[in-house]
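**Student:** Assemble the whole structure, with the sequences as input and the hints as a guide.
There are 2 protein chains.
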Amino acid sequence: MTEKSLIRKLTAIFSADVEGYSRLMGDDEAATIHTLTSYKKAMTELIKQHRGRVVDAPGDNLLAEFASVVDAVQCAVEVQHELAERNKELPNKRKMVFRIGVNIGDVVQENDRIYGDGVNIAARLESMADSGGICISRAAYDQVKYKLPFEFRYEGEQLGKNIKEPLRVYKVLIDSEIDKASDYTPL
Amino acid sequence: MTEKSLIRKLTAIFSADVEGYSRLMGDDEAATIHTLTSYKKAMTELIKQHRGRVVDAPGDNLLAEFASVVDAVQCAVEVQHELAERNKELPNKRKMVFRIGVNIGDVVQENDRIYGDGVNIAARLESMADSGGICISRAAYDQVKYKLPFEFRYEGEQLGKNIKEPLRVYKVLIDSEIDKASDYTPL
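Chains as they are written, first to last, in our numbering: chain A, -14 to 172; chain B, -14 to 172.
Calculated from the structure, these hints are not laboratory results.
Treat the hints with care, as some may be off.
Identical chains share a label here; the pair holds if one copy fits it or two copies do between them.
[Said to hold, decoys possible] Pairs of lysine-lysine residues, derived as DSBU-like cross-links and limited to a Cα-Cα distance of at most 30 Å, are as follows: (1) Lys73 / Lys25; (2) Lys149 / Lys78; (3) Lys146 / Lys130; (4) Lys149 / Lys130.
**Tutor:** Take a look at the structure:
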């Protein structure tokens, strides 16, 4: 396929996964699947409310896209708030915590799927996030920094597996993190 | 309006204007309008071929948007080639040369219009381009650098009127410019 025949589009990519999923499944499969299903459903609802679309959600992963990266980051913050509330109802060892990465990519669209290094980078950002946290790329940060009321912290350049260049990573400081930004430790 | 009620989207913004338009108009109004109309028509056709849309085209300006910034930069190069060909038919003092700027923005969409600093920055980039040239932002460059066969040259940080931060500007080296990149002078 030549570049010209590809249908491309700029999109905001939202990638989420569960931290410690294997441990949770090892401890209690049925309870983990139950929580995962209900959390994914809540996340999907919030994604729709922010005009996003779930592209794929295999296992403990969820990939979504948004026309706007402002919407994507706003949604990611609301997802983490919502899931933190829900986790309060669960015993410590059953709490299910997601990490989220947000990036911008000029991706290739084929039917309902999206392809491109922008998607891989979103997954890499997600893996750099704290439990219950959000990491975004510089490309995403540059678009949202003056448009959203959140604080961000530059995490420096990070190397990603199979990614050509170091990623410049920003962490979204969610609520309580702002108060203690000076002596911040992961949740 | 609150942030939540705004419809936002990531878009590639293409901004073009005629260099020395006032001089051309002062020399020969009728001929200038004739050329301008025909050049804008050719540009609009190429924009459509690259899945873009003309948003507005007042006077010697043309603002277009593309879902993909790869498409936008590819289109900008083809526009400059096409207009360079057409200019060969015109006497020197009647040649009409466009400058083009390309940027990415998370813009607000209202009906067919788009608003946001991403649009202002595209216009600023355009004003930094050489005659018949193309300047793109770092945000655009980061998305296209591995996806298009063009060479780019970093022009450093440039200050823009009413723009909060210095712009990191890249020039697209079009064809002949590549051969002479070492001793490059504007066309």
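**Student:** Run through the hints listed earlier and report the numbers of any the structure violates, in increasing order.
**Tutor:** Checked against the structure, the only hint that fails is number 2, while the rest are satisfied.
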